[in-house]
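Construct the complete structure from the given sequences, taking the supplied hints into account.
Which chain is which? The protein sequence lines are A and B, in order. Whatever position you read off the first sequence (first residue = 1), add 509 for the working numbering. Whatever position you read off the second sequence (first residue = 1), add 231 for the working numbering.
For the record, the hints were derived by calculation from the structure and aren't laboratory data. Note that the Cβ used here is the ideal one computed from N, Cα and C, for glycine as well. Please note: incorrect hints may appear among the correct ones.
Okay, derived cross-link-like pairs now, DSS-like style, lysine-lysine, Cα gap no bigger than 25 Å in a straight line [what the hints assert, rightly or not]: (1) A:601 <-> A:685; (2) A:601 <-> B:241; (3) B:241 <-> A:602.
Facing chain A, a subset of chain B residues (Cβ under 8 Å, in silico) [stated by the list, open to error]: (4) 263; (5) 305; (6) 312.
Chain residues, written in single-letter form:
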Amino acid sequence: MSSSHGALAHHFESLDQQREAHTLGMWAFLVTEVMFFGGLFAGYAVYRHAYYDAFARASNHLDAHIGGINTAVLIGSSFTMVLAVHAAQRCKKIQIFVWLWATIILGGVFLGVKYVEYADKWQHHLIPGPNFQFEGVQGGHEQIFFAFYFTMTGLHAFHMVIGAVILAWLSVLALKGRFDQPGRNAVEMIGLYWHFVDLVWIFLFPLLYLIGRHHA
Amino acid sequence: MSGHEQSHMKLYFGVFVTLLVLTFVTVWIAEHDYGAFNTPIALAIASFKASIVILYFMHVRWSSRVTWMAAGIGFVFLVILLGFTLSDYLTRDWMQIYGPALGSR
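Shown next, in the form of structure tokens:
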């Protein structure tokens, strides 16, 4: 392991211990993220229980097939992320670059679709606020659903943008040879973050898009 | 660490395909009427998808117990958050003395 001198920080005894510490640190951060989104999920659960019919009507206004395709796109980006981590563990800089950018591009597709969805909401007066109207009616509880929809998917999209920027930065580092020697964990750590963002969406999709669809 | 990564590729691909299939199943089930079971089924499928992402994509299956614990603790606190919050709000109208449920006039 003497070729990986540069990768071992002085306060660690071995590369394995260093990797363990990095992993634990990233998981500690992800736990805070779980609680961050968890609070929103808890609020959503309470209000969905209180206003189920309004939530179902509001949810049926979302396009479940577009949402489903977007879910598949995001799952695809998690798969390409796994491939990037795999390449990083084998120190293959070109593959790292390719799979990181595949991940970024799929993430970009996801965000593009979300933009189209948001634009559609704007057209239909579904942005919460003084101009909110649900099917011509103001003051209904559907607005609460859309408040959760925009807050949760917006926060999720914000997390994706941050992730994509970091992935792009790592791709540059890869080309510069940063991951040519073993012992560098950055790609794997950002992979954990990216998968977490995917996990949030795995729950957001059915909860937001698929309420009471069988009545339709 | 580099030795056993090769053999995981088929597993990763299998997990990926499983996730896609389950996404399709989730939408399909939502469009059929299973009464009160629609939501629990959707959440169960989502939970299974989450667990295979965590175990395989996030490598927790091959991680140390410390990592298992860190990931598990997040889940434990989420359950506490949801459990206590919902056990309050969902039972508000069970006994009249505790007042009306949220959302009823």
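Hints and how they fare:
1. A:601 <-> A:685: holds (12 Å)
2. A:601 <-> B:241: Satisfied, since the Cα-Cα distance of roughly 19 Å is no more than 25 Å.
3. B:241 <-> A:602: holds (22 Å)
4. 263: holds (6 Å)
5. 305: Given a least distance of 4 Å, the restraint on residue 305 of chain B holds.
6. 312: Since the shortest Cβ distance to chain A is 5 Å, the answer is holds.
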